[in-house]
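Chemist: Residue numbers (our numbering), protein chains in the order written: chain A, 1 to 168; chain B, 1001 to 1288; chain C, 2001 to 2782.
Incorrect hints may appear among the rest.
[Said to hold, decoys possible] Looking from chain C toward chain B, a few residues come up when the C-beta cut is under 7 Å (computed):
1) 2119
2) 2121
3) 2122
4) 2284
5) 2625
6) 2639
7) 2644
8) 2697
9) 2710
[Unchecked claim] Partner residues are not named here, just some residues of chain C that face chain A (Cβ under 7 Å, in silico):
10) 2013
11) 2015
12) 2017
13) 2025
14) 2440
15) 2442
16) 2676
17) 2696
18) 2699
19) 2705
20) 2713
In case anyone wonders, no lab produced these hints; they're calculated from the structure. Glycine included, every Cβ here is placed at the ideal spot set by N, Cα and C.
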Amino acid sequence: MAEMRKITVTVNGQAHTREVETRMTLADFLRHELTLTGTHIGCEHGVCGACTILLDGRTARSCLMLAVQADGHAIDTIEGIAPPNPDKNAPMHPLQEAFRDNHALQCGFCTPGMLTTIIELLRDNPEPTSDEVRIAISGNLCRCTGYQTIVAATLDAARRLKAEGRKP
Amino acid sequence: MKPPPFSYHDPRTVADAVRLLGSLENPKLLAGGQSLMPMLAMRFVLPDHVIDLNKIEGLAYIREANGALEIGGMTRQRDIEFSDLVAAKHPLLREGILNVGHRQTRNRGTIGGSLCHLDPAAEQVLVCMASDAIVTVAGPNGERAIPFREFPLAYMTPALEPDEMLVGIKLPLWPAGHGYCFLEFARRHGDFAVVSAAVLLELDAGGKIKRAAVALGGVAAVPLRMDEVEARLVGQVASEELFREAAELCRAVEAIADVHATVEYRQHLAAVLTRRALVQALARVRRA
Amino acid sequence: MSAPSAVRSNRVLRVEDADLLKGAARFVDDLHLSGMLQAAFVRSPHGHAKVLSIDTSMAKDVPGVHAVLTRDDFLPHLATEFIVVGLPSPAYRQDINRPALSGLEVVHVGEPVAIVLADNRYIAEDAAALVMVDYDPLPAVGDPREALKPGAPLVHSSSPHNLLAEFDMGYGDVDAAFAGAPHVFKESLWQHRGGSHSIECRGDVAAYDSFADTLTLWSSTQTPHAARSVLAGMLGWDEDRIRVVTPDVGGGFGPKLIFYPEDVAVALAAYITRRPVKWIEDRREHFVATTQERDQYWDAEIAVDNDGKILGLRGSIVHDHGAYTARGVNLPYESAQTVTLAYEIPTYQMNVKLALTNKVPVTPVRGAGQPQGVFCMERLLDRAADELKIPRAELRRRNLIPGDKMPYTKPLKSRGGRQVVLDSGDYPKCQADALEKAGAADFAVRQAAARKEGRYIGLGLANFVKGTGRGPFEPVTVRVDPSTGQIIVYSGATAMGQSTKTMFAQVVAEQLGGDITRVTAKPGDTGTMSMGLGGFNSRLTVMAGSSAHLAATKVRDKALLIASKLLKLPAEELQIHGGQVEAKADPSKSVTLGQLAKSVAGVAGFVLPDGVSPGLEATEYFVVDDMAYANGAAAIEVEVDVETGGVHINKFVIAHDCGAVINPMLVDGQIVGAAAHGIGNALYEWMGYDDNCQPVTTNLGEYLLVTAPEVPLIEVSHHESPTYLNPLGVKGVGECGVVPVAPAIMSAIEDALREFDVHIAQTPITPGEIVAKIEAGRKAKA
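Okay, chain A solo, but in the shape it has when bound (with noise of 0.2 Å):
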């Protein structure tokens, strides 16, 4: 029979406590358990970074985790990026913005992942360079843009942010 365990993750702010199979990986539990489908999987092999969230602030493939694994820690999603709105044309986190401005999505099914590497990107690295954030990005794969509208979007957020004096 299958092993059950019960936990308790604070997703985007708020404590969720479940009773989950042992084997169910955090993406599934993200996406299925509590229907956070913002979450995408890609490849399940830990290779296309689509399913990246962060763990206590730091990104991590949560195809690569286990949900009983997170038991106890702190993760953010890309439904937790912007506070939730219920004006559908509220602005958006910078990031967010930058995105939409550069056209850097194009079917957007990488996008979560790409968002939330982008986060931390900019939390450790406020001001990179181009080809820094190629290399940041370098383990999220998308196949519609070419990346280059990414990259472009990722400045620009930078720029954004700190005209605001925001942290990302």
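We have chain A already, so just place chains B and C on it with the hints.
Modeler: This is chains B and C only, laid out in the frame that chain A set:
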């Protein structure tokens, strides 16, 4: 691509982990998960028990003691990358770490996990091989030390008993100002190397090579220490010509073929990267 | 063509983005239905084998498993078990169609033989491993050239041979041209392209409603209407019992236009179990079960005069078709068709053979065979230029179709039998522009300087012409909602990341008030549109965009007509602005679009405004059979590390012409993204198989997609030669960027390595192969 069924254990001490290792049927240790989790997803490994080391206290540290850099087995690659101590004392390790995967994988991946997975193209494995590292393993009868040259037994097979686990690594330090270079050729940024070379150099006051360490990764089923190359170098005045001659010896290594490279190409890269790494290492030597 | 307004030819931000950026988009795996079962497939581990028996008993005993279905369970429900989708062609020698589930003989690794339905995917995979299939392995053949030889193993044991189809294409007396030619140069080329690898794999959710006796399939497909039609045919149902909905799609790139065994299996599983069923393809399945482009082997020769003018081109292609027909002969047809397009070539002849192989079927991936045709042409031109000692660009310039000869009729027929007419464009100008922006003028100086530093740089060039906007039509309905005044656009068009909703919003808003936020596009649902073809072949802006333009124009005219009656003002004095129709002279005299729609929505017993027909909506089926030909040129500078064989791209310029540009930001995005795909095709992507037809690159560590550091900054230069073929003057753009990349990169590598006489007759090329060629060149010189 979902992990197969298994029982999950998360011991809090090394002793508990070792006890579980010795008593459970078909167990597998889970460190950073960057290699094991894909293998579970592909069902290449089907363990009955997964023993998660992440809740064990005291296995993540970087410190200098007795002329060596000591690193705990569960130390994350990220922490090695950002360690001032590593950068100052063992720049080869730092240079190697920068080639390991990507930010997300280094945040989770551990040095102990990589060493035990023992991919012959793995950067940390090669640095340990070049550095004459000492692996500390814990078993039912306490700890023992394994010189890294004796650690790889065969392709992805470390010299660990079934009831033993790696708990730490000691990297003997080279004198301040030594030359070093980690160089790899990978198809894409962050990939495992097709071939990688790690070099350490120490010169004497007269400019001759006093000591050299040359290791190759990705070429063969296990990482290689190139004793013949080192022998050719020691006692000689460093020069491009010497490096070229010595590096050419690498063409004779017994190499493997896979989807990325043929035997001949790996041998060729071994010679090219060794020469380049020697040149770069020499350029970095700070003479007293 | 009508003159575009600001909203239709501007850098407008996308309407798709907000949801995608907030994690609020809805991809098929985000759909959860109550009581839903999760599916996993049991797949063939063999390239070729007889299926002796399938024992599902152990799998059925796994707790949480609800059903394990095989061919035998499906047959009673199927009017035909075969997926018959081959496009018409007289070239076929055999009809080889995929079954819903294979039960007698498997012909490629990954072919599905059973579907397991369980409480979750974990359990489904556990049980799939316990389905015991007794196989009797048979000889397999993977190399299409070997497959066509006498005595080769048969891909299907019931087939007489492995030739799936054969055809000839051409015009003029090519043999006479060659007989009299002062120079003939021959090349044997291996061309490989890999998988699509959209970051979202395929996926289906199916639900059968026993109350209504209807089935809904949510599918990550580029062609929902085709899916409905195939599914209805297989089930023997009226199409109106089936609704296919395409939710947000995480990239298509070609293979998602195909209907798959998994699609019918999931639908049938939902029907048989009376439970909703979800199947999400995982990446390993994507490698073995989603169609790919793979190998073409070309023998081609070119005849030229002393000035480098082309006299003729002839050759043959052997095309790896895979184990079944999943689309048709279209892919190699486009390969052969594309060869000559950019140039004046008086005679041409190409023989094309499609060989069955024991591999997953081949169907178009972004570019659809056209990159291969261009690769052949451009490699032959480089060869001719080098042999004749004419600069590569100059030789091309002498042969490119000049702008003043447009429209230019090619003596070729499209696959639908239409005359090929290149509608517009200035090809030499594009080439000159790309070269100038790549710094060709002083490249020789830079190359010599680099060489002195021990660096090997080279400049490569390739031209292309690509057929876009495949007809015959794509219907669009534009409707003003009577309750809200919102403008709704329905279409058979399908969005898979190429900004189709924004395109609709721009084209429709241009006619209806200029505010794109008032337009809601809902493409890709058979429940809202009775007909449709879908998204492929760079066709949606051309076909659906034109229909949307015409429909919006009709709605505009009608809105003005009704408003003129309500406001008692002549229509000419009115304009649509925002959500209302207002008097130009006095905007306070106005009526909202919603009020107008309501006024013609009908009230029982009351008359409509004088002379106006019911409803503020229009449906248009813009029909065009001729394709619009986009063109361009890529100029690429590389640096080759002659010791490692590593190739670094220093500069990448693509000048292109896709007719009128609706949104330059989106056009740039399409070009750059496709160009990156082309870099992968030239230097990284390879779908490998061993001699037993076992795939050897089945994960994303072995199969190399380009990541950000491998892709240089790609500079795009727009040229706009509007086509006369549609009211917007547009041509397709989605695939264009991929087409010239591989030949331009090979050209650049050769240019960098001239002193080693390196010659490249393949794509992709690996660093190891480059080193081997350099070594061979050194030895030959020594």
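Chemist: Does each hint hold? Answer for all of them.
Modeler: Now for the hints, and whether the structure bears them out:
Evaluation of the residue 2119 of chain C hint against chain B yields a violated restraint, the C-beta minimum of about 13 Å exceeding 7 Å. Of the supplied interface hints, the one on residue 2121 of chain C holds, with its beta-carbon coming within about 6 Å of a beta-carbon of chain B, less than 7 Å. Checking residue 2122 of chain C against chain B by beta carbon gives a least distance of about 4 Å; that is within 7 Å, so the hint holds. Interface hint at residue 2284 of chain C: satisfied, since its Cβ lies 6 Å from the closest Cβ of chain B, which is below the 7 Å cut-off.
A least Cβ separation of about 43 Å between residue 2625 of chain C and chain B goes past the 7 Å threshold, and the interface hint is therefore violated. Of the supplied interface hints, the one on residue 2639 of chain C is violated, with its beta-carbon coming no nearer than about 15 Å to a beta-carbon of chain B, more than 7 Å. With 7 Å as the threshold, the beta carbon of residue 2644 of chain C comes within range of chain B, its nearest partner Cβ sitting at about 5 Å, so the hint holds. Given the 7 Å rule on beta carbons, the hint for residue 2697 of chain C holds: about 6 Å separates it from the nearest Cβ of chain B.
Look at residue 2710 of chain C: its Cβ gets to within about 6 Å of chain B, closer than 7 Å, so that hint holds up. This hint holds: residue 2013 of chain C has a C-beta 6 Å from the nearest C-beta of chain A, less than the 7 Å allowed. Taking 7 Å as the C-beta cut-off, the interface hint given for residue 2015 of chain C is violated, the closest approach to chain A being about 10 Å. Given the 7 Å rule on beta carbons, the hint for residue 2017 of chain C holds: about 4 Å separates it from the nearest Cβ of chain A.
The closest approach between the C-beta of residue 2025 of chain C and any C-beta of chain A is roughly 6 Å, which is under the 7 Å cut-off, so the hint is satisfied. The closest approach between the C-beta of residue 2440 of chain C and any C-beta of chain A is roughly 22 Å, which is over the 7 Å cut-off, so the hint fails. Interface restraint check for residue 2442 of chain C: the shortest CB-CB distance to chain A comes to about 25 Å, outside 7 Å, so the restraint is violated. Using the Cβ-Cβ criterion of 7 Å, the hint placing residue 2676 of chain C at the interface with chain A is satisfied: the shortest such distance is roughly 3 Å.
With a cut of 7 Å, the hint placing residue 2696 of chain C at the interface with chain A is violated, because the nearest CB-to-CB distance is about 16 Å. For residue 2699 of chain C, the interface hint holds, since its Cβ comes within 7 Å of a Cβ in chain A; the closest pair sits about 6 Å apart. Given the 7 Å rule on beta carbons, the hint for residue 2705 of chain C holds: about 5 Å separates it from the nearest Cβ of chain A. For the restraint placing residue 2713 of chain C at the interface with chain A, the shortest Cβ-Cβ distance is roughly 6 Å, inside the 7 Å limit, so the hint holds.
Of the numbered hints listed earlier, those contradicted by the structure are 1, 5, 6, 11, 14, 15 and 17.
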